[in-house]
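Fit chain D to the given chain X structure using the hints.
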Amino acid sequence: MFGRMLKKDLKRNRTMNIILFLFVIIASIFFASGMYNLVAVTNGTDYMFEKAELGDYQLISMGEDAIGSFEDKVRSVPEIKNYTRETVIFFAKGNVKNEAGKRMEVTNSGLICSVSDNGMKFFDKDNNEVTSVDPGKVMVTGSFLRTNDLKIGDKLIVEQGGVKETYEIQDTFKDAFLGSDFMGNPRLLLNDTDFRKFMEDEICFRYYGGEAFYIHTDSPDKVGSALSKLENVAYSSPISTIKMAYVMNLIVAFVVVILSICLMIVSFLILRFSINFSIGEDFREIGVMKAIGIRNRKIRSLYLFKYTVIAVVGSIIGLFISIPFGDLLLESITRDMILGTGLGFLWNVIGSAIVALLVIFFAYMSTGKVRKLTPVDAVRSGQTGERFRKKGGIRISRNKVRPSLYLAFNDILSSPKRFITVIITFTLCTLLVLVIVNTANTMNSDKLLYLFGPESDVYITDTADAMSYMNEKGKDSLKEHLDDMAKKYTDAGMPCNAYVTMIYNYEIEFNGKSYSYAVEQDMNNKSTDYRYSEGSAPSNKNEIAITKQFSKASGAVIGDSVKMDFGNGPEEMLITGMFQSMNDLGEIILLHEDAPADFSHIKSIMQYRLVFTDDPDQATIDQRIERIKEMTGNDEVFNGTQYCIDSVKVYDIMDTVAKLLLLIVLIVVALITILMERSFIADEIGDIAITKAIGFKDATVIKWHVYRFAIVALIAMILAVGLSIPVTNLAISPIFGMMGASDIDYNYDIIRCFLAYPSVILAVTVITAFITALYSKKIKCRDAAGIE
Amino acid sequence: MTTVMEIKDLCKTYVVDKRQINVLKNVNLKVDEGEMVAIMGPSGSGKSTLLYSISGMDQATSGKVRFDGTDITEVKENELAEIRLDKMGFIFQQMFMMKNLTILDNILLPAFESKKGGSREEKIRKGEDLMRKLGIIDIADNDINEVSGGQLQRACICRSMINSPKILFADEPTGALNRTTSNEVMDELVKLNRGGTTIMMVTHDSRIASRCTRVLFIVDGNIKGEFNNDPDADDRTRERALNNWLMDLGW
Chain X
1 MFGRMLKKDL KRNRTMNIIL FLFVIIASIF FASGMYNLVA VTNGTDYMFE
51 KAELGDYQLI SMGEDAIGSF EDKVRSVPEI KNYTRETVIF FAKGNVKNEA
101 GKRMEVTNSG LICSVSDNGM KFFDKDNNEV TSVDPGKVMV TGSFLRTNDL
151 KIGDKLIVEQ GGVKETYEIQ DTFKDAFLGS DFMGNPRLLL NDTDFRKFME
201 DEICFRYYGG EAFYIHTDSP DKVGSALSKL ENVAYSSPIS TIKMAYVMNL
251 IVAFVVVILS ICLMIVSFLI LRFSINFSIG EDFREIGVMK AIGIRNRKIR
301 SLYLFKYTVI AVVGSIIGLF ISIPFGDLLL ESITRDMILG TGLGFLWNVI
351 GSAIVALLVI FFAYMSTGKV RKLTPVDAVR SGQTGERFRK KGGIRISRNK
401 VRPSLYLAFN DILSSPKRFI TVIITFTLCT LLVLVIVNTA NTMNSDKLLY
451 LFGPESDVYI TDTADAMSYM NEKGKDSLKE HLDDMAKKYT DAGMPCNAYV
501 TMIYNYEIEF NGKSYSYAVE QDMNNKSTDY RYSEGSAPSN KNEIAITKQF
551 SKASGAVIGD SVKMDFGNGP EEMLITGMFQ SMNDLGEIIL LHEDAPADFS
601 HIKSIMQYRL VFTDDPDQAT IDQRIERIKE MTGNDEVFNG TQYCIDSVKV
651 YDIMDTVAKL LLLIVLIVVA LITILMERSF IADEIGDIAI TKAIGFKDAT
701 VIKWHVYRFA IVALIAMILA VGLSIPVTNL AISPIFGMMG ASDIDYNYDI
751 IRCFLAYPSV ILAVTVITAF ITALYSKKIK CRDAAGIE
Chain D
1001 MTTVMEIKDL CKTYVVDKRQ INVLKNVNLK VDEGEMVAIM GPSGSGKSTL
1051 LYSISGMDQA TSGKVRFDGT DITEVKENEL AEIRLDKMGF IFQQMFMMKN
1101 LTILDNILLP AFESKKGGSR EEKIRKGEDL MRKLGIIDIA DNDINEVSGG
1151 QLQRACICRS MINSPKILFA DEPTGALNRT TSNEVMDELV KLNRGGTTIM
1201 MVTHDSRIAS RCTRVLFIVD GNIKGEFNND PDADDRTRER ALNNWLMDLG
1251 W
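So the protein lines, in turn, are chains X and D.
For the first sequence, our numbering begins at 1 and goes up steadily by one.
For the second sequence, our numbering begins at 1001 and goes up steadily by one.
Some clues are possibly wrong.
Derived pair list, reagent style SDA-like, types lysine to any residue, alpha-carbon separation capped at 20 Å [said to hold, decoys possible]: (1) X:K777 - D:D1058; (2) D:K1224 - D:S1206; (3) X:K780 - D:Q1093.
Hint data in this document are derived by calculation from the structure and do not stem from the laboratory.
For reference, chain X alone in the conformation it holds in the complex:
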């Protein structure tokens, strides 16, 4: 009997049942993929580092006779449990070209390694360990491939020391250590035989060779202190710093997680709405069942059975779709990272199960209404004659608007609950897009420029040239080089001064604790050219400024003194100010320009910078950049904005994510609009038929329905735009904070963010509502006579 009733119900309430079924599928897709993504991203780098067997502390040597020079020292540190080691050959921008002779983009020094002599594990795009590379072929990191617009099968000409070889790109690999966008050190993985050619070349071996150590320890800080006096260090840092280098990739990952959470909230809202709505539609049947004496429990179980069937079948379908959907969301991140949950797709299953349980729970709660409904509801079509609270609508007699617009406003004000669901979901979806667009816009501007050093007109990247000064006597040569550079461009009609920031590695002592820390100093700039968030600039060689990161790590504040040894014994350095920096992810200290830092501690030399002295406008600067490119044959000459984009690196991904997000949001908004509008039409057949019976045209009815969605979407857009600024600050600033920038001045693109994107979402809502509302044409005025 119940089976027959259920069958009849599924047939009679086909539209609402299908709508609910679709909502369950969508919710299951969002929840299941969201659960997986949430766990995968939260595990994030830990999962990848563990799989790659990365050390707790990483150390790379470089410079003359570097190979074999560190091992004794490393062995002597008692805190080191064990370590692995690999030999590397360094290369710079000019050393790798494509077949056409174009120099490949290399921001920092790149590493050539053997696949057979690696201290850690590398993985292919399917996350399988890379154990071999074919002879004559090379594997590159994904970011290297993308940055240089290369594809599998392209040829690379590698020239270092006395070796010049051509390799075909076999594939990409994932490098947990250097693979993040922020590291900027590409790695070329070769067959051991091919790699040996470099090792056998004396110039390569002596001058460009180095070693990477992956050290396993319980005390990375102590290891850092013990190794802090080593010279010729290309890189040294605990695993936490490498984690930070993935922060850009993780921003994207967290965007996906936020999106997933938003979609989960959306699912929750729409499920609750549609279940309440569909049970509300059944008052008549419930009333009839009560009238013929069926008990509440029996009626409730009938509905629960129906919703359980819908929940289970919908969730299972959603589960299968969630797997490719989740992969699509994480695609941009997993090309460089290995994300995993340990439990695999079990998280998807858990997500889908939660949806099924939620549906059943909502259904159980909603069927509680069964107790309230009486046989009178069946007799009087839900109008029991009770005096309900007066509806909060508006009066047509007091408003000079067309009936269609009036009906739309009146519906929203009369049934705010159902439209608030739409407003919340649309606001959430739009807000998410706007926050990401704001972040991407900030990355695509010069707002972050000051975080990389004093602001300048031109930035020139020349890694190979900079590397040539990275020796003990290089400081004076670098100074001369800057003077020559300034003279050359001034003589060419571009009067300027040249500057550069140098980053050293020094041991710093505070409160009896030692830190191996990055220290920056400017050549030709003064420390007063930096921006300070607190205190003042160092005014003599014994004063320094620190970042919040250092302050947090050491407990040092303005007014404290730290000890540094520049070669003449420990000196007291007074902290005078706090500054922000994204160099070394903010784990850096700023020296006064007169501080006697020497190049035996040099870690890297940043971009050459030019500041024109004739105060040209931006167009002139851009013209001059083109001239400098021609004069030097170097394409990597940037203005401030371009330099920011190049340094932050993740802009392209963020922009892609923002567009992908917009697409997903548009699909979600369209789906919600279709399903909600279709539900409303199903609920309002009577009203639509009456309006037609009294002479309303189809167009008026469609306008009435479209206006409702247009109004709520407009409210949602206004709310989203208004909230986007505080929410961007709230959600994104901590992420920038992790990178060293604690106080961000966001770049809000008014047109794109506050006009174009909301307009697109609004337009899609209106178009979708219009297309769905066309269904109301099927309702004829004769249906008024058949209204129950």
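Quick look at chain D alone, frame taken from chain X:
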């Protein structure tokens, strides 16, 4: 008398489970201006179908319905909507009104949709006047679930009259009302008819039908007979005469 509606060879066929059901079979009928016509007949005889087909609410399968000089079986949906808005009024057995609107707003809705009928203020005044005439002005700002069935049906009459239609169609307008309220509603309809409005209504109730000028009896989709009520007779005499005629037809 001017003919306001002329129906020729009207047929309506439904197809249910591949089975053809001929609900109206070549119905021919003329309605003059100022008439009040009742359509009676057993359940399933096609009386409501006839009402909806001739009012343009439902599409006839074949035949012609000429209303106020226009063949409404030929006009497009939008034009038909305009005719319904400006020239026709409808009253249903169930008092269908928009759930989210007050009584007055429900009444004014077709007026504001129509381009005719004067300014907004005039339309509001007319709506209120109609409510006053039908004795329901007190419920103007009430929601539809705050009033009785009789009040609601009178509000439906006001709505149907707001655009001063040439003809009023009513499908069992008193079917859901008690005897006293039915009489009150009928009094209002008779008053409207005497004021010049042509009315066509479907009813099961001979007492209601006896107050019309003409009664059509329909069986199996055909008009089996017509009965003209004596305008000079009192209510009871007219009802008795009509009942006798209906009995002759097998009612």
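Could you work out which earlier hints the structure fails to respect and list their numbers in ascending sequence? none
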